[in-house]
Amino acid sequence: MKCFSVALALAAITTTGAAAQSFPLTLENCGHEVKFESAPESAVTIGQATTEAMYLLGLAGKVKGTAVWFTDVLPEFADANAKIERLADNTPSFEAVVNKRPGLVASQYEWYVGPKGSVGTREQFHDLSVPTYIWPADCVGKDNTVGVDGTREELISTEIIYRGLTELSQIFGVPEAGAEAVANLKAREQAAIERASALKLEDVSAMFWFSSSKMDADPYVAGAKGAPAYIMAKLGVENVVTSNEEWPTVGWETLAKANPTYIVLADLQRRKFPADSIEAKMEFLKNDPVASQMDAVKNGRVLILDAHAMDATVRTVSGLELLAEVMEKQAASQ
Amino acid sequence: MRIQVENISVSIQGKPILQDISLDVASGQSLALIGPNGSGKSTLLRVMAGHIRADRGQVMIGRERLTDLSPRNLAQRLGFVSQEASTTDAIAVEDAVKLGRTPWLSLLSPFGRQDRRIVETAMAEMAISTYRNKQFNTLSGGEKQRVHIARVLAQTPQIFLLDEPTNHLDIRHQIAIIDWVIRHKSTVAMAVHDLNHAFACDRVAVLHGGKLVAFGEPDEVLVPEVIERVFQVAVHPNFAEQLNRPVLAFSKSAATP
Amino acid sequence: MNRMTFGGLTPAVSLVGAMAILLAAVSSALVIGETVIPLSTIWNVLKLEFGYSAPQVNPIDQGILWSYRLPRAILAMACGASLALSGVVLQALLRNPLSDPYILGLSAGASTGAVSVAILGFGAGVLSLSGGAFIGALLAFGFVAWLARMARGEGASSTSSLALLLAGVAGAQLFHALTALIIAKSADANQARAIIFWMMGNLSGSRWPDVYLAVPVAALGLGIIFSHFRALDAMTFGREAAQSMGIRTGAVMAVLIGTTALLTAIMVSLSGAIGFVGLVIPHAVRFLVGVRHVLLIPAAALAGGVFLIMADIVSRVLIPGQTLPIGVVTALVGAPAFAVILVRSSRAHSG
Chain Y
32 MKCFSVALAL
42 AAITTTGAAA
52 QSFPLTLENC
62 GHEVKFESAP
72 ESAVTIGQAT
82 TEAMYLLGLA
92 GKVKGTAVWF
102 TDVLPEFADA
112 NAKIERLADN
122 TPSFEAVVNK
132 RPGLVASQYE
142 WYVGPKGSVG
152 TREQFHDLSV
162 PTYIWPADCV
172 GKDNTVGVDG
182 TREELISTEI
192 IYRGLTELSQ
202 IFGVPEAGAE
212 AVANLKAREQ
222 AAIERASALK
232 LEDVSAMFWF
242 SSSKMDADPY
252 VAGAKGAPAY
262 IMAKLGVENV
272 VTSNEEWPTV
282 GWETLAKANP
292 TYIVLADLQR
302 RKFPADSIEA
312 KMEFLKNDPV
322 ASQMDAVKNG
332 RVLILDAHAM
342 DATVRTVSGL
352 ELLAEVMEKQ
362 AASQ
Chain L
32 MRIQVENISV
42 SIQGKPILQD
52 ISLDVASGQS
62 LALIGPNGSG
72 KSTLLRVMAG
82 HIRADRGQVM
92 IGRERLTDLS
102 PRNLAQRLGF
112 VSQEASTTDA
122 IAVEDAVKLG
132 RTPWLSLLSP
142 FGRQDRRIVE
152 TAMAEMAIST
162 YRNKQFNTLS
172 GGEKQRVHIA
182 RVLAQTPQIF
192 LLDEPTNHLD
202 IRHQIAIIDW
212 VIRHKSTVAM
222 AVHDLNHAFA
232 CDRVAVLHGG
242 KLVAFGEPDE
252 VLVPEVIERV
262 FQVAVHPNFA
272 EQLNRPVLAF
282 SKSAATP
Chain G
110 MNRMTFGGLT
120 PAVSLVGAMA
130 ILLAAVSSAL
140 VIGETVIPLS
150 TIWNVLKLEF
160 GYSAPQVNPI
170 DQGILWSYRL
180 PRAILAMACG
190 ASLALSGVVL
200 QALLRNPLSD
210 PYILGLSAGA
220 STGAVSVAIL
230 GFGAGVLSLS
240 GGAFIGALLA
250 FGFVAWLARM
260 ARGEGASSTS
270 SLALLLAGVA
280 GAQLFHALTA
290 LIIAKSADAN
300 QARAIIFWMM
310 GNLSGSRWPD
320 VYLAVPVAAL
330 GLGIIFSHFR
340 ALDAMTFGRE
350 AAQSMGIRTG
360 AVMAVLIGTT
370 ALLTAIMVSL
380 SGAIGFVGLV
390 IPHAVRFLVG
400 VRHVLLIPAA
410 ALAGGVFLIM
420 ADIVSRVLIP
430 GQTLPIGVVT
440 ALVGAPAFAV
450 ILVRSSRAHS
460 G
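Chains as they are written, first to last, in my numbering: chain Y, 32 to 365; chain L, 32 to 288; chain G, 110 to 460.
Just chain Y, same shape as in the assembly (with noise of 0.2 Å):
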């Protein structure tokens, strides 16, 4: 962290007119509070969200190392992210992020950096007077002592991430980057929940599929708190699963005598169990005897959802217009 005034000249030059941010700047951040004296000038992300919500608000510049993928970048972020230094596409090291000397480690997940955190927990790193920052999401509304993903106590929002655009940008002093994005994801947001409105939908159900151990066993579906609960209830769809668990087991016998409208597939890249890809999701659709009779099934209303949107980042909103539009297209066919 360099001195005061330095930090305040290169605000001043790089804004553009805007109001930069003050300092020193104080948050409130899962249960920590974090004192920062200027913006940082660089940091380690660690969860493709905290990362990619770094892409978003222009600080690409500021990352001098990534951890934790899930998926391949989006797109529009590919070419600034290939500078950047892929620490481990799974756990880092506590010391492999401490050597990037970071002006602050942000997590997507207390899972890594916590109270039982696989990386350190929050004190190791602020012993070493480096700051940590978790995604809100992980923490908002959510007991991570309770269920192996954590339980929701209550129904996530965009908000929580709109609140976490709008924290990393002031922490690292460009306050009107995160004002920008969260109101251009604002308004994509409206736009999506319109598009649904004007289908006149009734009475629609939906199950999210993200994946199962054994293709035959129990399958892990979305909860009725996280953000795929979310993007259905913004669009007017029921959960049919009614656990507060982030990505409960729910049995077969349950979902079928659920008989759900839409079935939403997950699309992992990921191929670590048999019912990750799409093709086998489909296939044991059409070939369970208990699950080819679902309605959903038979009407051909299984939808295809990008994996990564069902986690609270900044592709949620990216969900919210998918569903809507696969959801268009579905009414439409009909």
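Worth flagging that the hints you see were computed from the coordinates, not collected in a lab. Just so we're clear, the structure is a prediction, and the values are computed from it rather than from any experiment.
Calculated pairs, BS3-like style, for lysine-lysine (alpha carbon to alpha carbon, straight line, at most 30 Å): (1) K317/Y with K329/Y; (2) K294/G with K147/Y; (3) K294/G with K95/Y; (4) K216/L with K242/L.
Chain Y is already provided as a structure; the job is to place chains L and G on it using the hints.
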């Protein structure tokens, strides 16, 4: 049935345990096997029972070589009572004795009336018929030993091998077992610690350091020269009129410190 | 007395009784579940599946009953029976009442095999989780057998059981460590969670192909083990005593332990590592029918099968809307049951 040991030698992990042992027990005779700890008594009995394979020599069971017999055939001819047979199972005394019939049973000849009679006789002979439903593990050491002997009796072998059957038994039970050995018509080879028990047998074999140092009738073998040398104690022979046989008393040897 | 009786009942009566108990258990598994399906529907579905005419049945109900619940119940029966049988055999052969089928390192190896496939990607998509688990189980068992052989060396045969037990502990620890290493190094949250769930035992996803494998294997295992009932009885007083009763203990142990290992490996690969069945059922059944293996073996198979069917039902209905791993249920029931058996039998022993 006669059992014959011919030039048996056994080494375990390079150490010689038995060296060129030859002895025999004629049909219907009893043999006491004595010797200090580590002299190889248990090993010899186990070789005779077919549990340990000798490096050299052979054992003849009747007219057949022990190694030519299948385990089942061997078990029909020879029974072995060892020191350490214990169990964690909740087995009743009667069922424990019934196990002795195992080498005679098969799919085509399951446990039948005759087997039942043999088991009853065995239990009566060892005076454990009243215990038949008791749990084996609730019995005293002496009672357990009698159950094992009953089990081997139920096996109806013609040769009995017993490895220190009187260990841990009170005097009453010790006498009972020795008494049974005397009365029994089968061929018996028995390892014993108490040298006075050896007088009850037809023959005595003395092992010392893996070698057979004496073999013959009790009067010939259980003499002070042999005993003092092998066991390193002073021997004081007496004669018990009522039993019509010698009785030995022991004291510390003058020669050893 | 030439006729064999099962605790006072003739073989015919016992067989009928056993079938009745099994039928009741399987029926419960068909009726009870995430939703309750009435018996009349079950009857109609059975009629339809066997080609008889019956009133129209909701195809989802039919699918649930015939393709989900029935194979699942049959698989539970086969797994439960196999695990209980394995427990009986190992407790008799190893002379250790705490033996269970996993004591030879099988479940630890299965976990390692499963994570190798799921996380490291071994088998490149050709090998399934089950296949990996099966291979892992056998590898671990091979390692344990080899280690036991090394440890035994020359010497009294009475130590060979101990050598096997210790080798089993060592092998299990090694493979558990390997599993932990793989998970720590490579897994993300979802994968780690999936593996943990699998390791605790899971019958969801049981389909008819699993049944076609499990039932013949279980039947074969039961046949082989039952045919050795006298040898198992003879082991009561140890290996040497059994030998002196004419049992080829070396060959018998090799056949029975090998059978147990194969049986357990197959079941673990199909259903994950379900604990407590192999440990507790033999003791419970021994308490009821005694220690003679001619009764113990079939009774343990029946009890194990029924127990697992029941445990599966409980795992599906205990928490509404969620399925518990079946290993949790067997532990919740098994641990206190074991304590009760322990207290009762120690009283019986000292009586």
